[in-house]
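Here the protein sequences line up with chains A and B, keeping their order.
Heads up, the first sequence is in the working numbering, so the first residue is 50 and it goes up one at a time.
Heads up, the second sequence is in the working numbering, so the first residue is 69 and it goes up one at a time.
Mixed in with the good hints, there may be bad ones.
With a Cα cut of at most 30 Å, we get these calculated DSSO-like pairs of lysine-lysine [unchecked claim]:
#, chain 1, residue 1, chain 2, residue 2
1, B, K196, B, K105
2, B, K105, A, K249
3, A, K249, B, K196
For the chain B half of the interface with chain A, some residues (derived, Cβ under 8 Å), not all of them [claimed, not checked]:
#, residue
4, I75
5, A78
6, A87
7, V88
8, F89
9, T90
10, F96
11, V165
12, V166
13, Q180
14, T188
15, Y236
16, F239
Honestly, the hints are just simulated from the structure, not real lab data.
Even glycine gets a Cβ: it sits at the ideal position worked out from N, Cα and C.
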Amino acid sequence: MASIPHDAVHGGHGHDDQHDHHPTGIKRWLTTTNHKDIGSMYLWFSFTMFIVGGIMALIIRAELFQPGLQVVNPEFFNQMTSLHGLIMVFGAIMPAFVGFANWMLPLQLGAPDMAFARMNNWSFWLLPPAAILLVTSMFVPGGSVAAGWTMYPPLTVQQGIGMDLTIFAVHILGASSIMGSINIITTILNMRAPGMTLMKMPMFAWTWLITAFLLIATMPVLAGAVTMILTDRHFGTTFFNAAGGGDPVMYQHIFWFFGHPEVYIIALPAFGVVSQILPAFSRKPLFGYHSMVYATASIAILSFIVWAHHMYTTGMPLAGQMYFMFATMLIAVPTGVKVFNWLATMWRGSITLETPMLFCLGFLFLFTMGGFTGLVLSLTPVDIQLHDTYYVVAHFHYVMVAGALFSAFAAVYYWGPKWTGWMYDEKLGKIHFWWSLIAFNVTFFPQHFLGLAGMPRRIPDYNLQFADWNAVSSIGAFAFGTAQIFFLYIVIRMIAGKSGVRAPAKPWDGAEGLEWTVPSPAPYHTFETPPVVK
Amino acid sequence: MALSRLISFANKQMLGKLAVFTAIMFAFGFALVPIYKKICEVAKVNDFMRPEQVKNTQVDLSRKVRVEFDSNIRNLPWTFKPEKTSIEVHPGELTTVVYEVHNTTGRAMTGQAVPSYGPTEAADHFRKLECFCFTAQTFKASETRQMPVVFLIDPKLPRDVSTITLSYTFFEMPGAGTPSTQAPAGKLETNMVGTPRQAS
């Protein structure tokens, strides 16, 4: 992000920290406390991990291209499925949205920086060591975690040292997320420009405020769960060890107490991004702003009381299954409110289809499909059939990839001009969208069929009857992977200014918000004197 | 500037509150462990590790159920096998079977047996009155011991279940001292047959 003219606009402010004469080169990035620098680092880190996790996904799909074992052995396959999940969730998607939050929240709220600028630096620089722990765990004796990204005991209690590295990585990632969340909450609650009441905040700030609360409520619980695995492994405790009266199923309860809110930790900021972009390109204010806020909060609260729908096959009492089924179906109500509000926002809008809007429409269409398959899976009797099949894999990739990832792409195209000062190449952006959309559906739509036909997930080999759709899915996966290299090319071209079109302060005529009142690229220091919002 | 100092103070206060909340949630993660055990106890889920009270033992002579006995060892240099691998019983009939354990090592060791059932719906109808799995078992060097299981099958067992497998796995309890302090989840007071409480 060398294109940010970090010395451009900050003369004569006389502030008391180091901003004025910050170091250059690598030391600048190591010591920076600037929210824009840190936001950029988060985004680059996230993209790097996205490629690493993507390569793992392609190894999985290469193995599954044909029945039988061709490419990797089953032990390595298990490591790939586990690491792919962990890296994509904790390394790619979450840091991407924290990156957007770092870049955009101070700009949207009229704050000069995040509330705790030094802690912000720390929460970013915790990520690379965690990533190194995760990736290098593949090379220790016994290999990395291989029991799935959910790290269920008893397998994780028995695995080799790679599991210890994973546990520490999760601890570090958790600490980073918690500090990031504390920073975001404080920034949003304390640092808003005068006149910006909570109910005037952009939706992105609202969704992040609620997400950050989810994070500080659940990340410590995950830290506790993996700590219990660690002490079971090395210190003779028997939380999950049946021999001492422990219970592996208890881990699943504790894990999913974190794990289900985690789903919304990923989804809510994506909702926020979409709630910014759809109005901009429909040239209408967001329909039902208040109901959007309440729906977001309801989703967050409900997410704490539905966790055991991931565990219908563990032998829960019938009453428990019924409760979790109905509670889960209840989440469809606030989610439906959001989807209908987005549709109503577009209704009779003056819509243009620039790349960010295309990705938002792709999000809307595919995320809703993923939501519907989620509703199917919430039905206990159906889920008992479909549990751990490719139907589940298809479901959560529709909400994670077409939901969170597409909205992250939309955010990069929407705010990218503000970051770099250059427009991206609209034609290439559109190619990226259609390429991703088609490849995504070629990859994951057939997995619904595979799952309904009974193909189990996390298994490197399969019955011959599944061969055709697996081949199709693998071809789609490789096409989707290459599309993201193309995305990198588009972003680098944008940074280098190859499109030749300088971004004005407000490149989208329908866009609203304080971030468009500062020049593009955004100066290194913004809103040192807070703007007044009426 | 007074305003910026005010904001910074408010920020620090907020940091403190949120940090406390985070710490509480970390503790809550561990609090889930006793909560979970309590819920299992109340809901009578996972309740296979303690003797059951059986009042009315009406024997259902109209059918017989085949009970298969299985034994497994994990990380223990012991031999562990049932005297008979299967028997046929009427539901409601009080039955005693014997498992034999031999400690092949020259030192005292403690292990814990954990039962499991197949099919799963049998688990709710299999009532153990006495079992060596209710407490940890310590074996002296080269000791061999026969240990009984007294059970009956609840006559309410669904009619389509004609075979039940009772499978025990013995786990080593590393560093276990006196077995009495090692009682598993169910908190037992009863001292079962074949469980001499002794220091190792």
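Which hints from the list above does the structure break, by number from lowest to highest? Result: hints 2, 3, 7, 11, 12, 15 break, sorted rising.
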